[in-house]
Amino acid sequence: MPEFEDRELVERAKEDPEAFGALYDRYFPQIYRFAYSRVRDQSLAEDVTSEVFFKALKNIKRYTYSGHPFSSWLYQITLNAVADHYRGAAGKEVELEEGAGLPSNEPTVVDEVVRRDRSRRVWAAIDQLPRQQRAAMVLKFSEDRKIEEIAVILGKSSGAVKLLLHRGVERLRRDLPPELEPELT
Amino acid sequence: MKDPELQEIFTDRAHQEVVDLLETSRPAAPPLDPHFRSYLRAKLMTEARRTLGPQAARPWFSFLRPGALAPAMAAVAAGFIVVLGVEVYLHNQPTGSSVAYNINQLDRKTNVATTEPIKIPFSGPVDKNAIEASIQIEPATAVSKQWEGNTLVLVPNHQLAANTTYTVSFKPLATTPTPNPSKPSITTKPSVAPTPVVVHFTTTPAPVPPAVPPSFNSSNVKWGSDSRLAEAGTILNATWTPAGQLLVTVPAGPAGPSASTGATPTGLPAAKASTDIWLMSALGTRLRLLAPGATLPAAAPTGGLFASWSNSGNQSSLQIRDLQGNLVSTAASVAGVPDRAAVWVGNDRVAYVDHGVLRIVGLHAPVNAATFKVDHGSLAGSVDGQLLAVESTAGSLVLDVASGDTRTKLPNGATGFAWSVNGDLAFTVPRDKGTDLYLLTKGTFAPIATSPSGQTWSDLNWGPDAASILLASKPTGSSASVSNLALINRDGSSLKTFGSVLQEYSLPQWSPAGDLVLFTRRDDGTGGKAFWTATATASAGDAEEQQALAEVDSFMQARIRGDGNAAQAEMDDTARAAYQGGGATLLSGSGSQFDRYYIVTVQRLTTNSTRFLVGVRVFNAKSGVETSFFEEQLTLLRQGQKYVIHGAKASALRPIGHGPTVVSVQVVQSTAGAQVRIRFDADLNPTSVSDSTITVRDAQGNDVSEHITFDADNHLATVAVNPPAGTYQLVVTTGVTDINGVALAQAYDAPLVINR
Chain A
0 MPEFEDRELV
10 ERAKEDPEAF
20 GALYDRYFPQ
30 IYRFAYSRVR
40 DQSLAEDVTS
50 EVFFKALKNI
60 KRYTYSGHPF
70 SSWLYQITLN
80 AVADHYRGAA
90 GKEVELEEGA
100 GLPSNEPTVV
110 DEVVRRDRSR
120 RVWAAIDQLP
130 RQQRAAMVLK
140 FSEDRKIEEI
150 AVILGKSSGA
160 VKLLLHRGVE
170 RLRRDLPPEL
180 EPELT
Chain B
0 MKDPELQEIF
10 TDRAHQEVVD
20 LLETSRPAAP
30 PLDPHFRSYL
40 RAKLMTEARR
50 TLGPQAARPW
60 FSFLRPGALA
70 PAMAAVAAGF
80 IVVLGVEVYL
90 HNQPTGSSVA
100 YNINQLDRKT
110 NVATTEPIKI
120 PFSGPVDKNA
130 IEASIQIEPA
140 TAVSKQWEGN
150 TLVLVPNHQL
160 AANTTYTVSF
170 KPLATTPTPN
180 PSKPSITTKP
190 SVAPTPVVVH
200 FTTTPAPVPP
210 AVPPSFNSSN
220 VKWGSDSRLA
230 EAGTILNATW
240 TPAGQLLVTV
250 PAGPAGPSAS
260 TGATPTGLPA
270 AKASTDIWLM
280 SALGTRLRLL
290 APGATLPAAA
300 PTGGLFASWS
310 NSGNQSSLQI
320 RDLQGNLVST
330 AASVAGVPDR
340 AAVWVGNDRV
350 AYVDHGVLRI
360 VGLHAPVNAA
370 TFKVDHGSLA
380 GSVDGQLLAV
390 ESTAGSLVLD
400 VASGDTRTKL
410 PNGATGFAWS
420 VNGDLAFTVP
430 RDKGTDLYLL
440 TKGTFAPIAT
450 SPSGQTWSDL
460 NWGPDAASIL
470 LASKPTGSSA
480 SVSNLALINR
490 DGSSLKTFGS
500 VLQEYSLPQW
510 SPAGDLVLFT
520 RRDDGTGGKA
530 FWTATATASA
540 GDAEEQQALA
550 EVDSFMQARI
560 RGDGNAAQAE
570 MDDTARAAYQ
580 GGGATLLSGS
590 GSQFDRYYIV
600 TVQRLTTNST
610 RFLVGVRVFN
620 AKSGVETSFF
630 EEQLTLLRQG
640 QKYVIHGAKA
650 SALRPIGHGP
660 TVVSVQVVQS
670 TAGAQVRIRF
680 DADLNPTSVS
690 DSTITVRDAQ
700 GNDVSEHITF
710 DADNHLATVA
720 VNPPAGTYQL
730 VVTTGVTDIN
740 GVALAQAYDA
750 PLVINR
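From first to last, the protein sequence lines are chains A and B. Each step along the first sequence adds one to the number in numbering that gives the first Met the number 0, with nothing skipped, and position 60 is 59. Each step along the second sequence adds one to the number in numbering that gives the first Met the number 0, with nothing skipped, and position 536 is 535.
Treat the hints as calculated values from the structure; they're not laboratory data. There may be inaccurate statements among the hints.
In silico lysine to aspartate or glutamate, EDC-like type, Cα no more than 20 Å apart, as pairs [what the hints assert, rightly or not]:
1. 13/A - 24/A
2. 161/A - 11/B
3. 144/B - 131/B
4. 127/B - 24/A
Derived contacts from chain B toward chain A, CB cut-off under 8 Å, selection only [to be verified]:
5. 8
6. 9
7. 29
8. 47
9. 548
10. 549
No experiment lies behind these values; they were computed from the predicted model shown. Note that the Cβ used here is the ideal one computed from N, Cα and C, for glycine as well.
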């Protein structure tokens, strides 16, 4: 979808309910998908998605184009909504902070990767990455966002995002089980 | 690895292999309740309709007086879009709610714009075919039906009638949802409304037909508010149709009404860009795709044809179409891709430039015109089709199209031609430090004004009354980072500039009715040019007429309030006797109320007299819904310093929604005869509009009509008459029928004053 269309639609959505509905139609799938990738629970993903779009509606008139796609704004809201949810849920999310990392022979990762098919194994491994790496990897490889856009969403510099991606890929390279290695080489 | 961004990060082979694996795989789709998406949408839309307001108009000029806007123009400025808000909550939602409707967005609304499509959004899956089949509109209105997702868009083939209460009914039939296996405990049922949903809305008032032309005076116009038609670059060029809609060229692509398209922000189409021509409302809503793959439209000065270029390979053809998009003829073919629009010379000839050479083609007969080399010189055809102003490489001239002779040689450098409806030609002649503005009238030209030193004038455009000229003014030699619009009287007096000094304005175009000005302005954000419109309200030229109409308004408002004493105070004894004698009803009966009124006709009884005949239509409402109407012919005369109601004669009460009606009658006087223009509220069967169903009769009942024409686009019948001055009777019989064959609600029979 050309960015140009987005901007016009967003401007209309500040006054026109139908235009807001069109934005919802356009972005629901990826926001729900992204929310689910963060919470791994259908019911929670529904709650987060609902909160994202109601917050977007409430604040749409204050949205101003900053050179990045409208979706960046929605992703930011999604990340905040997920964080808010876990704050309210007394830290049920297993947070793996930057640098905490996984040991190279982390058994849960290996078990997961071995058990599932090739694609599922890789994405399951991504699920085990630290929070920021995981978000960057999902946005890049699942949502096809540009690095500059990911930087806006995560509130980091482009260089920091590149570092997150590099670390994430490096971690996958180290953690993928031997059964997968022949397929990679 | 396909992504250049990733190629930059991952140069190590082992990393690249992981990236390749990630690029070729995707996480499994997350589980999703199939009803969650539509359920959330319905909730969001309810909240959106509650919280999102209509678009506020922004002031255009620093010296605006928005309070002076007429109600009709204010309605246009507000950009009211016809939307029926219908929310269908399906029975299978987790909350278990039943079918609910919300039609507050439109029901019983007034001042609804006549140029917009009717949108009916549904919040759940619907049976589109069944809904389309159930649509009924009164007065009869031909529409095309389109869907944007779950929103039904009804695009009227012609503008809606002003002053008219429309009734739209439909059956909101939902489809049968698929069973929800994840939640089998919830019963899934289609929700079918047992009865049609009926919505009433009333269109914006029309300007009161002038009794004493020119009531419209473009040189004394009050500017209102501006509104951007679309984002910069999404409209490449635009021009008015005679009916007050727009022909626009847009980048090609699928688009329904109001849809947007991607485009580079530029003011002109790229030579090889694929473009479409759409009919667009004055508020910026796309109404109809007229010419796929075409560009550079030019509307005929009257009627409903336009010319445009369509390219195929190395050939381009000049196509003539009607405003339904039907191809009427191919007028010419040229090699390559033309870069300028054709120019109409009247309604049956078109001039165009073929590789720098002027050519003229007749739609009905060949044209023998001299050949001129014009390159990119200015061209403009007179409205009557007789003359063509040409800036050729050998000099500028006015060409007599019929004979091919040069009628007038213009001064060296003459360019920027613009013809008025009266046959005057305005043009510019560039000077070292400015521009001279010339006027050619009755074969003689003379300069009428010179631009301020250091300013260049261009983009001339006449007011629809030929009283003034709009133009663009920019610093000489500038690349036009700043330019203003200016208005100047036809005699060169009273130059008024306007627009922000920091903006770039260009290409002003008056709408045919003089209520809007179309122009381009460079966008602050993108730097591209966007098309805008600004409202303009003409000042009345006749103080007597205005006083008489103000008196009518005081009288009618008192009756609408139910204030009999106040209404009595506006009448003389003759009028009081008329009401007391039963010739008319002053106040509404019990159980109903006078809801609104509008003026159908204003006629001056004799030249320069202080007596007016004003026809008003008065609507009765019960429980807030208009159910019937009647007409009164009010006579007003001046007594001292004010006008009073002197006489009144009322028609019978007529129910609403039982056939087309007459909504306005205007008598246009001239020394050559008079035209009686009768406007209807419905799409009529054209064959039912004839000299046997519409007549003008003298006191003896003799038909004095000469001939009748019918403009279906504007619901307008025009009767030409040329009898002696006097009072006549206009009779429209029930032989007039709408497109569904329903006859006129009641014969229309009202006095006419021919006054020359």
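Here's how the hints hold up against the structure:
| no. | hint | verdict |
| --- | --- | --- |
| 1 | 13/A - 24/A | 16 Å, holds |
| 2 | 161/A - 11/B | 14 Å, holds |
| 3 | 144/B - 131/B | 7 Å, holds |
| 4 | 127/B - 24/A | 19 Å, holds |
| 5 | 8 | 5 Å, holds |
| 6 | 9 | 6 Å, holds |
| 7 | 29 | 4 Å, holds |
| 8 | 47 | 4 Å, holds |
| 9 | 548 | 35 Å, violated |
| 10 | 549 | 35 Å, violated |
Against the hints set out earlier in the document, violations occur for numbers 9 and 10.
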